[in-house]
Amino acid sequence: MTAVYTFDIYSSLDGFASYDDADWGPYWGKQGPEFLDRRLAVYGEEQRMVFGANTFRLLVEMVGLSTVPDEALDPVNGRMRSLPTTVLSSTHEGPLDWPDATVLGGDAVEAIAQLKEESDVPLRSNGSLSLNRALMAAGLVDQVQVTIFPVIAGQTGVEPIFQDAADFDLELIESRTFDSRTQELIYRPILHV
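For the record, in the sequence shown the residue sitting at position 120 is 120 according to this note's numbering, with numbers rising by one throughout.
Everything labelled a hint here was simulated from the structure, so no lab data went into it. Treat the numbers as computed from the prediction; the structure is a model and nothing was measured. Glycine is no exception: its CB is placed at the ideal position from the N, C-alpha and C atoms. Careful, some of the hints might be misleading.
Taking CB as the label site, the calculated pair distances span [stated by the list, open to error]:
{"no.": "1", "residue 1": "Pro69", "residue 2": "Ser175", "range": "34 to 42 Å"}
{"no.": "2", "residue 1": "Pro69", "residue 2": "Pro33", "range": "33 to 41 Å"}
{"no.": "3", "residue 1": "Gly154", "residue 2": "Gly105", "range": "34 to 42 Å"}
Assemble the whole structure, with the sequences as input and the hints as a guide.
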């Protein structure tokens with residue numbers, strides 16, 4: 001059986017994954033109790049995290065073992081960090097500052113296709129934009145889970161999520177609203193031909 005692969009991304013309403021030099025705070029300052037409970041539940045499920053090299057480096061800087069001890073982590077990042085993790089990288093060397101992380105080199109599309117066949121748990125990738133755009137184009141992403149925060153980051157937004165992506169039709173699988181303002185949309189992507 002093939003494991004389900006979910007591309008899980010946070011976004012401003014105008015499609016940016018993050019912001020630069022702005023005083024928004026984590027989650028654009030819009031995290032509420034319902035949203036945080038949902039993220040704890042998502043990371044509480046048995047699964048394997050998948051990150052590209054750049055996203056993994058940023059995560060290690062923010063919440064790596066040597067950066068933040070377990071007791072100092074917020075619950076959401078603590079749960080994410082505790083999950084088994086695969087890092088796709090041809091350049092990452094040395095020990096990984098992450099509890100249960102392994103590195104896969106070589107072609108990312110081939111590596112994920114093989115991992116999907118071999119994994120007995122679902123795969124989830126939070127961030128890793130260029131990696132996930134390539135995996136979507138190859139037909140390896142089963143679900144796109146977009147959490148839209150109620151902000152427009154027109155002046156400070158960076159990393160347009162789907163910039164240069166292929167064209168896709170999206171089939172809505174599920175939708176939720178948290179804290180009367182933040183939306184989670186889960187889609188099945190279908191390459192538009």
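Comparing the hints with the structure gives:
1. Checked against the hint of 34 to 42 Å, the pair Pro69 and Ser175 passes, with Cβ atoms roughly 37 Å apart.
2. Distance hint check: the CB atoms of Pro69 and Pro33 are about 25 Å apart, inconsistent with the given range 33 to 41 Å.
3. Taking the beta carbon of each, Gly154 and Gly105 are about 38 Å apart, inside 34 to 42 Å as hinted.
The structure fails to meet hint 2 from the earlier list, while all remaining hints are met.
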